[in-house]
Amino acid sequence: MIDMTKPILLVGNVLVDVFTLPGDSEKRLRLGGIAHAARTLWGLGVDYHVAYIAPIYLHDNIEDYFKKHGVNCICCAAEVFGSPNIALIGDPTEAGDQRYELLLREIKKVVLKSAILEKFISDCEFKDILFFPEITDPPELISILSKNKTSTLHIDANNIPDLIDSKGFHGQIKVGSLFLSTSSCFFYPEFKGLSRLLGNVFSFCEELILKENRGGTRAFGKKGDITLSIPCFPRAIMHSVGVGDGFDATYLALKKEDLDEYALRLSSIVAASYAATTFVDDMKDDMQLCLGMSRKDVLCMKGQCLPWEDRKKINIYIAAPDFDYVEKPELAYLVDCLKYHNFFPRLPIRENGQASESDNIFEKRRLFDADIRIMDECSLMIAILLYNDQGTLVEIGMAKSKGMPVIVYDPRKIINNLFLEILPDKVTSDAEETISTVFSILGGRKFGV
Amino acid sequence: MGSTGTGRFSDYSGTPDGRRSGGNGQGGSGGSGGSDCDRAIGDIQLEEVGRCQFFITKNDLPQKHSDVSLDSELVSGRLAIKDQKSGLIIGYLPTRYNYLLSCMNEGFSYVGIVNSIVNEKTFPRVWVDLAPSV
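Just so you know, the protein sequences line up as chains W and P, in that order.
So for the first sequence, the numbering used here puts the first residue at 5; every next one is plus one.
So for the second sequence, the numbering used here puts the first residue at 164; every next one is plus one.
Only chain P is shown next, with the shape it has when bound in the complex (with noise of 0.2 Å):
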């Protein structure tokens, strides 16, 4: 399980240790990494959605299970949520799944939904699920 417990070294790759999926069933975390490209990601809060192009066009938020979609390229340096039905982009993912933008170099593509939406005025938020469309 990534070098658990101290009887020895365990750590090699190749072994059931060297991956968080080789289950030798000695319980522990150790972390993600790896092939993340095919795993669907819930409860994402997006940054920045007061200031994107959803917001300051409609002065409003996409309702709920609105349909999105991640953009294949950069905008602005961030990897973009956008509205399927207008386009627009309503946040940017937080830079922790950058690891995306790889997954997509490799022909992985996302689409989600919008799961909830806070439309406090001062600080307006939308959360959304993604997973690699098929």
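Bound-form chain W, shown alone (with noise of 0.2 Å):
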């Protein structure tokens, strides 16, 4: 039971996300934008208001919606022209990019209800208000929400790198948390820094909770050096979607001070709750489950730490046919999973050069020796099979005499052999269970979180 004085509340756009899950062959449709962290709150059973932005097409779902799944006072802070507010989510797992793609994003127009808004705030009591502002949001909006004196107002950026750069509109906004994850702009495709995001943030700022993926959470205080790493305590991951927005959640409703580490881990425990089904009671259930641990167990339990930055120093070894005049869609694909996580991998064919039989007993040497040189430089080793291609079945051997870890990727299902089932450590054909064992065997190496 979540000891709470007053409701949060939501401010954000209501979506529609339309993804495929894993194994699936029917579209799913649910709500999303604001949703999310909703549904985590009902299922917390921790009370709040929804001020929300939809086109008028969606209202009456949303509030039907949202009624039944426990919000306290609801309305509707904008209305949206010009797009359906649909998103299409083209990987919801997140073993790479999302590819997220808001319909007719580039003629959506916002309209406030300014009179409306205004007056629902101050009809409602409620401490904290959680907002996930995007760029076409108008800017009154964050105006009439940060003039609020009687709540604090905490706010998602992942939408708004302009906020970060700005130093909170030239110090026009005062926030208490403020929250941003390795998804949003500001980390891929370019990471802009983590010194430059530091430098600006706590000008308006009491904290930031930076948001790693399967890498854990961190949190950074205004007052000092004080950083707190928050592991992730992964589960089978069915989906990726909206799982950050839950957390944010999840940490405003326990949260007893700034960099409250039981909250942040506790929040952790919830989000991966929430990435395991898109089954609402039983994520309810499961939920309430997590609440039962004890305050002790949360502050013990070991997870997986991977700092974003810490990644890019990590060699991943590609074994694999990466010749050129084999088809590989595979290998790309995941090679861009891996980056986008800020991984380093090492295809020592594109490094050293293809051998060709033309080559001689010399050549052949060097090329050998050269890549031997990248495997000793590597932690991991992912093997991908497209084919029995021989230099990457004596590959993982090599690397599993040397002690070093081993994920043989199967995308085309072709093994059939007992050396090559039994010996990795993990083998899989899907490419979402790769990346997160990855962050398995390289984050839980980091046992002191």
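Keep in mind that the hints were calculated from the coordinates and are not lab data.
It is possible that part of the hints are untrue.
[As the list claims (entries may be wrong)] Mimicking DSSO-like on lysine-lysine, the simulated pairs with C-alpha atoms at most 30 Å apart in a straight line are:
| no. | chain 1 | residue 1 | chain 2 | residue 2 |
| --- | --- | --- | --- | --- |
| 1 | P | Lys227 | W | Lys31 |
| 2 | W | Lys317 | W | Lys300 |
| 3 | P | Lys284 | W | Lys430 |
| 4 | W | Lys404 | P | Lys221 |
[Claimed, not checked] Over the 12 Å line for every Cβ pair with chain W, so calculated as not near, a few chain P residues:
| no. | residue |
| --- | --- |
| 5 | Thr178 |
| 6 | Thr220 |
| 7 | Asn222 |
| 8 | Asp223 |
| 9 | Lys227 |
| 10 | His228 |
| 11 | Ser232 |
| 12 | Gly250 |
| 13 | Ser265 |
| 14 | Ser272 |
| 15 | Ile276 |
| 16 | Arg288 |
| 17 | Ala294 |
| 18 | Ser296 |
Every residue, glycine too, gets a C-beta built ideally from N, C-alpha and C.
Got two chains here, separate frames each, mind docking them using the hints?
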């Protein structure tokens, strides 16, 4: 049971998320945007209000859904024109880039209902506002929210990098907790630097909560150099849509002070629960179980930690038939996934050259030596089986004899050999499972958190 | 089935689409979570076997079909599987099974057996099956 004196007010767009889960033949459709945070609060049994932004055709569905899932007070804060607020999500598991596409985003217009919103805010009681801004929001919206003096404004800044670079719109707003994730454009495709981030945000926020996907979370405090490292406690990931939003909401419901380690850890546990299923009643039961964990267990439970900047230093050897005459879309995809998460995949053929039949023995030895040197620089091997490539199979054996962890990614399901099936640390035909295992092997080594 | 299909919003609490076991016949997955406490879990590969008490003490692995149990308390922050005969820790459950801690808080306990071992000296491995004990 969470002890809360007043509800949380959720403000932001409600979207329609459309995606296909692995193993499914049908597309799925569910309310997204701030519905993820709302679903989580309902699962935790925490009171909340909603001021939503959406096109009119969704209003009845939105209000019906929220009323059946615990909302106290609800209003439409702004109306969307030009865009249906539909998000197509290419990879809901976030093995790599989720390929998130908001339809008709370039012609989306949002019209604020200022009088309605201001009256709603004055009539409802709440202590915290959790706001998920978008670049299409009218600037008056954040002004209305930030001038409310009886509550604290918290922001998830994933979709508005300008907020960070402008230092809170040049000091116009003050924020309690600022949430950001490594899924945001501040990190990918080009990382703008942690020092730039930290140098900007504390002019307008009290704490920065940086969510790093399967690598855990870090919390940075304004006062002094305090940084908390919070592990990820992964479950079998069914989806990665809205998981960070659920983390934000849980943290605000639980926190008693800034940099509340217990609240951050339990939020990480609850977020994993959200990612484990799309069945809401199962999710609720699971979250209630999470809340039953003792404080002592939550504070000492080990998980996996792998900060964003540390990953670039981790070399991952890609053993695969990366020859110019081989069709290899699975290799390209997995390498992209690794780069999305800021790892450093090493592809020996691209770095050292491709052996050819005309090479003499001296050239072959040179290539072999160069490839081995790369292997020695790597902490982990991912072997991608596109067919029974002799080199790949030998490399697997060499890596295991050196004590290097090996993941075999078998997208074409061709493994038909006892040693190949049992020797590696993990054999999978699923890209998401491959990426999760990378985090598990490398992130789980840091048992101090 | 947890929001399957695009005809309408269907993931409402209290409906067949609210639970994996709701069974509206549409097929597909949707995930775990919920009341997994009473489910048996098969073929779990334990972690850190080579650095745990059993392997270090005996320089060997437990035999296939040995009885095991899940320790009710965290050991160094992890869920530990013990050999029932010796009481020594064989290895740890992967962190994705941490939810079992919540289940144990609800009164569940788990026992099982060793289903396989690979006694490769540089990378010893043990797999167990677990089930809630009655």
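Minimum Cβ-Cβ distance from P:Asp223 to chain W exceeds 12 Å:
holds, 19 Å
Given as non-interface: P:Ser272, partner chain W, CB spacing beyond 12 Å
The assertion about P:Ser272 holds, with a minimum of 15 Å to chain W.
Claimed clearance of chain W by P:Ile276, with the beta carbon kept past 12 Å:
holds, 19 Å
Non-interface claim for P:Lys227 versus chain W (Cβ beyond 12 Å):
Consistent with the label, P:Lys227 stays out of reach of chain W, its closest Cβ about 15 Å off (over 12 Å).
Could you grab the alpha-carbon distance between P:Lys284 and W:Lys430 and see if it respects the 30 Å cut-off?
Given pair P:Lys284, W:Lys430 holds - Cα atoms ~18 Å apart, limit 30 Å.
Below or equal to 30 Å on CA atoms is what counts here, so check W:Lys404 against P:Lys221.
Holds - the C-alpha atoms of P:Lys221 and W:Lys404 are around 24 Å apart, at most 30 Å.
Taking C-beta pairs only, is P:Asn222 more than 12 Å away from all of chain W?
Per Cβ check, P:Asn222 is outside 12 Å of chain W; nearest 18 Å; holds.
The output says P:Ser232 does not contact chain W. Does that hold with a beta carbon cutoff of 12 Å?
holds, 18 Å
Taking the shortest Cβ-to-Cβ distance between P:Arg288 and chain W, state whether it exceeds 12 Å.
P:Arg288 not clear of chain W: closest Cβ-Cβ about 9 Å, inside 12 Å.
Are all C-beta atoms of chain W more than 12 Å from that of P:Thr178?
P:Thr178 is in fact no farther than 12 Å from some Cβ atom of chain W, at 9 Å.
Report holds if the minimum CB distance from P:Thr220 to chain W is greater than 12 Å, and violated otherwise.
holds, 21 Å
P:His228 clear of chain W by more than 12 Å, beta carbon to beta carbon?
holds, 19 Å
The structure shown violates the earlier hints numbered 1, 2, 5, 13 and 16.
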